[in-house]
Amino acid sequence: MSYSRRDFFCRGVCLAALAVAGTRKQAGAVTRRPGDLIPPREADYWESAEGQRVLCKLCPKECRVDDLERGYCGVRENKGGKYYTHIYGAVCAAHSDPIEKKPFFHFLPGTTAFSIATVGCNMDCAFCQNWEISQIRPEQMEVYYMPPDEVAGYAVTSGDKSIAYTYTEPVIFYEFMYDCAAASRTRGIRNVMVSNGYIQEKPLRKLCGVMDGIKIDLKSYREKYYQEICAGELAPVLDALQVIRDEGVWMEIVYLMVPTLNDSEEEIDGLCTWIADKLGADVPVHFTRFHPQYRLKHLPVTPLDRLERALGIAKAKGLHYVYVGNVTGHESESTRCPACGNVVVRRVGYTILEVSLNGGKCAHCGNSIPGVWH
Amino acid sequence: MRRRRFFAHGLLILAACKSKTSSASRVGDESQVSRVISARDPAYSKIGQAPDEQVAGEMIARVLRELTGTPTLQESWRAILGNAKVVGLKPNCLSGRGVASSPAFVNALCRQLVDNYPGLEKIIIWERSDKDLRTCGFEIRTSGRIMCLGNDRGGYHQDLIVEGSIGSLVSSFVVDQCDALINLPVFKDHGIVGISVGLKNYYGAVHNPNKYHLNHGDPYVADLNRMPVIRSKNVLSLCEAFTAQYEGGPPFMPQWSWPAGLVLASTDPVALDRVCWRTIEEKRKEKGLPTLAGAGREPTYILTAADSEHRLGQADLKRIKEIVLT
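Chains B and A, in that order, give the protein sequences.
With this note's numbering as the guide, the letters of the first sequence map in order to residues 5 to 378.
With this note's numbering as the guide, the letters of the second sequence map in order to residues 589 to 914.
Hints were generated in silico from the structure; no laboratory data involved.
Careful: at least some of the hints might be erroneous.
Label-pair restraints from in silico Cβ distances [what the hints assert, rightly or not]:
| hint | chain 1 | residue 1 | chain 2 | residue 2 | range |
| --- | --- | --- | --- | --- | --- |
| 1 | A | D703 | B | H302 | 41 to 51 Å |
| 2 | A | Q620 | B | R249 | 51 to 61 Å |
| 3 | A | S896 | B | E237 | 22 to 32 Å |
| 4 | A | G882 | B | P263 | 43 to 53 Å |
Everything numeric in this text was worked out from a predicted model, so none of it was measured.
Cβ atoms here follow ideal geometry from the backbone N, Cα and C, with glycine treated the same way.
The task is simple: from the sequences and hints, build the whole structure.
Shown next as structure tokens:
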């Protein structure tokens, strides 16, 4: 369970297959080979439009989809004027991961999350490390049919404390995610989403009712970057962050620093100012190292000094919990109490070495450390 | 290469994949005049009906001879296909029947290639999926001189091809197997990108067509056709337009279709689309519908395909010579 996400997929989703094969034995999951589709389920959040068209209201793209066509995500299809999802229960990857890998640093440290995904995404980030599953269509990959009760059951039997909806973009498998979360909460399992935050307000507020933690990949603080590098928009993501804050769901932010594209001092300054102002100083922010991937193979790995510069800017703006990610062994992987400066959670990579918290308070000075600790 | 294997590999290739041979000339210079040839079947009158195979074959022969300026079909096909041995045919089967490719038309073409192109080793009729082909009445054939099958069976080439801002896996038929491609679009309105004729038909070549629909397909349709592996192999566009549709596409809507009875041909994919765009605008005006721009879906990707960055063909109607065979 020490594989990185990249390792995980570079090994041909074998680990996922193995993990789910185990699940199949226990829970009777059904394999669907490439070319097959899980029977479609009517989607939530869409409206009828002119003719037989539909207007998708799940994400801000608001795809206007003709009969026989699919939305941008590639997983929702108009069939005769009704909108369907092809990925309800269609799990393409499943694995028990350390929660730190998502990354969540203030959420049940040292526990594992049963992490699942379906294919598809509502963006197309040029640096995507999981494009082999996020940028394909459901019929192009072998999947396992795992209804929500089985997902919840597997998390329980495998000792995972939470279910993480991750690897691709959970917003596009919204209905499945919601039902899994609802089914697992009654069995004492927490639920976390790892998302780009590109979702409309109404479905997001409803989702917050069953989520215990949400990690948002904030790609940039510039619209141009979102449009040109991610095929998305910044403004709706900033709106979503505020909705999550408003709903009181635990939230952490990851900012992947791509050399020359989103790592300028001005941009990081603006980003941190906005976070401090709109979300507050207690939201953990992870500045993570980019590795050449997908359509950005020509760019170098993020220099460490750029990450540390971002760290310095964030701290100067008053953010209390700032981390450097994808740099194993970096001092900032550990959580320090902003009041006394002592380490309260010491980490190396995904390994927890020490937790100095008593009931969510610093064991050294008694200061409350925000998060979900038990 | 099986699909599962190349998802596991997933290498990035910024440049083009190698193409095999294609000696046919291409029209890409904006100063040149391109030609679009059309023939009409005056007997065709029933919307949605498949054409008569023999009539379709005769129409294909006529437009081809005119297009190449050659007296015999053997010379015509040699002029188009050069030294190609494996020829790919890309029909459009998205909407099932009605305003989709018909087996009669494709069979007529296959028969003509077999009879008149001595260099032919194999024809591959390919679409997105076996299901799409079956829905249109095609029989799946996975061996023999004439094969007919979907990308879901044939798979995609293992390397990502990036053109413009989108990266795609491209059909193995296109990249690895075919020496030349004949595009067999239909002639119809499209609710997102304006019209769906030749350029749009290559959405069926990539694993992620849903990523190409933003901004009414502009510049994504043009970018897709600029992929060297498509650009270098696409030698002819042969549009089956017995039934054409001016509104409500891509599904077949008989109330918005007309029995055009046409076969159109060009070696310039942009010119063909531009002529069809104009024709659809004329039809929409005749029916009291707004222009495609007025409907919010002007197919500007056709103009982009002709711009200095793409140079895929001629979009200036003044530089397109339309020849109507009577």
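Structure-based check of each hint:
1. Between D703(A) and H302(B), the C-beta spacing of about 49 Å keeps the proposed range 41 to 51 Å intact.
2. For Q620(A) and R249(B), the Cβ-Cβ distance of about 59 Å falls inside the hinted range of 51 to 61 Å, so the restraint holds.
3. For S896(A) and E237(B), the Cβ-Cβ distance of about 29 Å falls inside the hinted range of 22 to 32 Å, so the restraint holds.
4. At about 45 Å, the CB distance of G882(A) to P263(B) agrees with the hint of 43 to 53 Å.
Figure legend: structure checked against the earlier numbered hints; every hint is met.
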